[in-house]
Amino acid sequence: MGKLNVIVWKEVLDLVRDPKFIAGLFIPLIVFLAMGSMFSSTAASVPQKPCIALVDEDSSQASRLFAEALARYAELSCEKPNAKVVLEKGFGAKVREGVFDAKVYYIFSSTSISESEVASKVDDAVTAAARDLFLKITGLKQRLELKKYTVYKGRVLGIPPEAFYGIVFGFSNTLIWAVFIVAVMVFQLVAISIASEKEYKTLEILLTQPIKNTTVLLGKLVASILVAFLEGLVMAVGMFFYFQGIASMSSPTATTTPFNATGDILRQLQEAGLTPTPTALAMYLGLVFASLIFMLSIGVVVGAVSNDTKSAGSLSGILVPVLIVPAFFTMFIDIDTLPLAQRAAALLFPFTPMFVAGKYLVTNNVPMLLYGLVYTLAWGIGLMALAAKIYTSESLLTFSAKTLLKRFRRSRLTH
Amino acid sequence: MESKALVVEGLKKTYPGGVEALKGISFTVNPGEIFGLIGPNGAGKSTTLRIISTLLKPTGGYARIYGVDVVEEPLKVKEMIAYLPEESGAYKNLKGIEFLRFIARLNAEGSEVEEMLDYARRLSGLGERLNDKVSTYSKGMLRRLLIAATLMRRPKLAILDEPTSGLDVLNASRVRTAIRRYAEDTGAAVLLSSHNMLEVEYLCERVAIIHQGLIVAEGEPAALKEEFSARNLEEVFLKAVGAWES
Ligand SMILES: Nc1ncnc2c1ncn2[C@@H]1O[C@H](COP(=O)(O)OP(=O)(O)OP(=O)(O)O)[C@@H](O)[C@H]1O
Ligand SMILES: [Mg+2]
Numbered sequence: 001m002g003k004l005n006v007i008v009w010k011e012v013l014d015l016v017r018d019p020k021f022i023a024g025l026f027i028p029l030i031v032f033l034a035m036g037s038m039f040s041s042t043a044a045s046v047p048q049k050p051c052i053a054l055v056d057e058d059s060s061q062a063s064r065l066f067a068e069a070l071a072r073y074a075e076l077s078c079e080k081p082n083a084k085v086v087l088e089k090g091f092g093a094k095v096r097e098g099v100f101d102a103k104v105y106y107i108f109s110s111t112s113i114s115e116s117e118v119a120s121k122v123d124d125a126v127t128a129a130a131r132d133l134f135l136k137i138t139g140l141k142q143r144l145e146l147k148k149y150t151v152y153k154g155r156v157l158g159i160p161p162e163a164f165y166g167i168v169f170g171f172s173n174t175l176i177w178a179v180f181i182v183a184v185m186v187f188q189l190v191a192i193s194i195a196s197e198k199e200y201k202t203l204e205i206l207l208t209q210p211i212k213n214t215t216v217l218l219g220k221l222v223a224s225i226l227v228a229f230l231e232g233l234v235m236a237v238g239m240f241f242y243f244q245g246i247a248s249m250s251s252p253t254a255t256t257t258p259f260n261a262t263g264d265i266l267r268q269l270q271e272a273g274l275t276p277t278p279t280a281l282a283m284y285l286g287l288v289f290a291s292l293i294f295m296l297s298i299g300v301v302v303g304a305v306s307n308d309t310k311s312a313g314s315l316s317g318i319l320v321p322v323l324i325v326p327a328f329f330t331m332f333i334d335i336d337t338l339p340l341a342q343r344a345a346a347l348l349f350p351f352t353p354m355f356v357a358g359k360y361l362v363t364n365n366v367p368m369l370l371y372g373l374v375y376t377l378a379w380g381i382g383l384m385a386l387a388a389k390i391y392t393s394e395s396l397l398t399f400s401a402k403t404l405l406k407r408f409r410r411s412r413l414t415h
Numbered sequence: 416m417e418s419k420a421l422v423v424e425g426l427k428k429t430y431p432g433g434v435e436a437l438k439g440i441s442f443t444v445n446p447g448e449i450f451g452l453i454g455p456n457g458a459g460k461s462t463t464l465r466i467i468s469t470l471l472k473p474t475g476g477y478a479r480i481y482g483v484d485v486v487e488e489p490l491k492v493k494e495m496i497a498y499l500p501e502e503s504g505a506y507k508n509l510k511g512i513e514f515l516r517f518i519a520r521l522n523a524e525g526s527e528v529e530e531m532l533d534y535a536r537r538l539s540g541l542g543e544r545l546n547d548k549v550s551t552y553s554k555g556m557l558r559r560l561l562i563a564a565t566l567m568r569r570p571k572l573a574i575l576d577e578p579t580s581g582l583d584v585l586n587a588s589r590v591r592t593a594i595r596r597y598a599e600d601t602g603a604a605v606l607l608s609s610h611n612m613l614e615v616e617y618l619c620e621r622v623a624i625i626h627q628g629l630i631v632a633e634g635e636p637a638a639l640k641e642e643f644s645a646r647n648l649e650e651v652f653l654k655a656v657g658a659w660e661s
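Quick mapping for you: the protein sequence lines, in order, are chains A and B. Residue numbering for the first sequence follows our numbering, starting at 1 and increasing by one per position. Residue numbering for the second sequence follows our numbering, starting at 416 and increasing by one per position.
No lab work stands behind these hints: they were computed from the structure. There's no promise every hint is true.
[As the list claims (entries may be wrong)] With a straight-line cut-off of 27 Å between C-alpha atoms, the simulated BS3-like cross-links for lysine-lysine are:
1) Lys153/A with Lys103/A
2) Lys507/B with Lys427/B
3) Lys212/A with Lys419/B
4) Lys94/A with Lys136/A
5) Lys201/A with Lys419/B
6) Lys491/B with Lys212/A
7) Lys3/A with Lys507/B
8) Lys491/B with Lys310/A
9) Lys49/A with Lys3/A
Generate the whole structure from the sequences, applying the supplied hints.
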């Protein structure tokens, strides 16, 4: 294994100088654009009127007027409310002073991304109704004093919904995309690095150097991870500015993560089990590592059966959508709310665990993280054993659908 | 210590597709000797060289380099040989000198790397062009780079598959001189394949003519000419493969 660094050095140099590497940096940007359009289409699929349960403890003229106004913007009687608005005793008196004082409980029933859209619809409805109320009572300058709470799994959290979905959606979705980008890159890099040895006829020279074939393979894997992280770093910098831009437009709590939350918010998150424990974090990192091995092994197999970078590229083209499906799926649908059979099917799909991991990390679901870790690692090790077998056997040199076809054609021509 | 540089005995190879490329060939190469494998297209030359280079597994027989079996101890074999494939390239995103350094670092440590590189610079004759990317090289330049990368490793057995293919007269003759000098200076053995009978006659102490996976003639060029009552090796070759029309 002493020459591993030499192989890694060559691989990194060869990969980074390739024009395809530069192109690879743009793919994630396209993914970002796709993500943006997905966001807006989810927004469109959310019902126009949110469902709000109004609790009137004041029973004043003002509270009744508010109920009337709110009925124009929201459903007031339905089975599963999206929020509960409480008007406490003295509400009417405060309104006459020009203050709108109410408690709003945002009820999150799942960790699907559409929930955040519903929350902002609730906000809009309450604000609009409050505005109407002040118009009726006339002349007074309004001041909104909304006390915002989040209700998650029946537990009331003293944090506004922006902070809540900043963590559950913003942060976990960033994790999902980070994993997606690195997974796609690592897989493509290793596939292309193996296929290009064939395309540029360097494989035979490489395999007859005084090193083990497994060292050659390991060097490629290490180099692919290094370069993928390098690309990931470039992307992270881009993403940082992207989120900075978003943060400057909306409320600062939207960028809350379990790691930068402070004071009261942190305490509330801890009580709700929304800060990762060291165990969950370790499981998560383990799962990310297992996913890398899994993706690498697919890359080796694809590279080994491809004759040139072009066919490696088109083979990987098939895999990217296969990865996008579970990635989008876990962003927009909460797997835990699916019926058991569908949930099992989703989780048995080998690419799902690496993407759900982000959500299970923020909700501290250690058993599911452990399942993902073990399941993905099993796939990774199994496929890597197969990949290493292909790579160290002569079929790496002799197997190729293309040349077999060519030889067949040539022999027919000569006869 | 085994006195033969290479012993090939009853070597057979049937490819997965069913092509019987080698039907049992045997020959030996002595240290300090340049041995030539000649034969028509598809005779099995490259297959033989690739088995000896540990890239392919034989389906019968064996090949031993200084007594070490190529199947049983491939790593030990790879430390003694250097193989130049028939069709070969270098990493196109690397500069010529970077490619040489890569190979040198896989084969040596410390100051030995620089020694190897100095030797390779002289062998390649590429001068300043070594600082250019491999993708800008002509076919002949690439071949010279690869030959330098092969011989700088100072193998005890150099395995060269059509070393001068694609080279012009001047470059081909330079490469031949380098090969001959290498064998004389180091006492190493060279096994090469070629279509160029002139080249084989000039370079090789002994040759084997391979045809349809079998060796049909073997010996010193002079002895072969006598045996086949031929004027030159080309005639020997044509007579041996049964294609001679007078
Ligand atoms: N990977 C492969 N799969 C199947 N058959 C192969 C493969 N490589 C070579 N062969 C077949 O084996 C036979 C010998 O091929 P080989 O390349 O050894 O010939 P050669 O003597 O080097 O020819 P040339 O002078 O054209 O280079 C040919 O019939 C060839 O078609
Ligand atoms: Mg050949």
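Right, here's what the structure says about each hint:
Between Lys153/A and Lys103/A the alpha-carbon distance is near 19 Å, which keeps this suggested pair within the 27 Å criterion. Distance restraint check for Lys507/B and Lys427/B: the Cα-Cα separation of roughly 35 Å exceeds the 27 Å cut-off, and the hinted pair is therefore not satisfied. Proposed proximity of Lys212/A and Lys419/B is supported: the alpha carbons are some 25 Å apart, at most 27 Å. With a C-alpha separation of about 15 Å, the suggested pair Lys94/A and Lys136/A falls inside the 27 Å cut-off, and the hint holds.
Proposed proximity of Lys201/A and Lys419/B is contradicted: the alpha carbons are some 31 Å apart, above 27 Å. With a C-alpha separation of about 10 Å, the suggested pairing of Lys491/B with Lys212/A holds against the 27 Å cut-off. Between Lys3/A and Lys507/B the CA atoms are separated by roughly 22 Å; this keeps the pair inside 27 Å, and the hint holds. A hinted pair counts as satisfied when its Cα atoms are at most 27 Å apart, and Lys491/B with Lys310/A does not qualify at roughly 35 Å.
Distance restraint check for Lys49/A and Lys3/A: the Cα-Cα separation of roughly 65 Å exceeds the 27 Å cut-off, and the hinted pair is therefore not satisfied.
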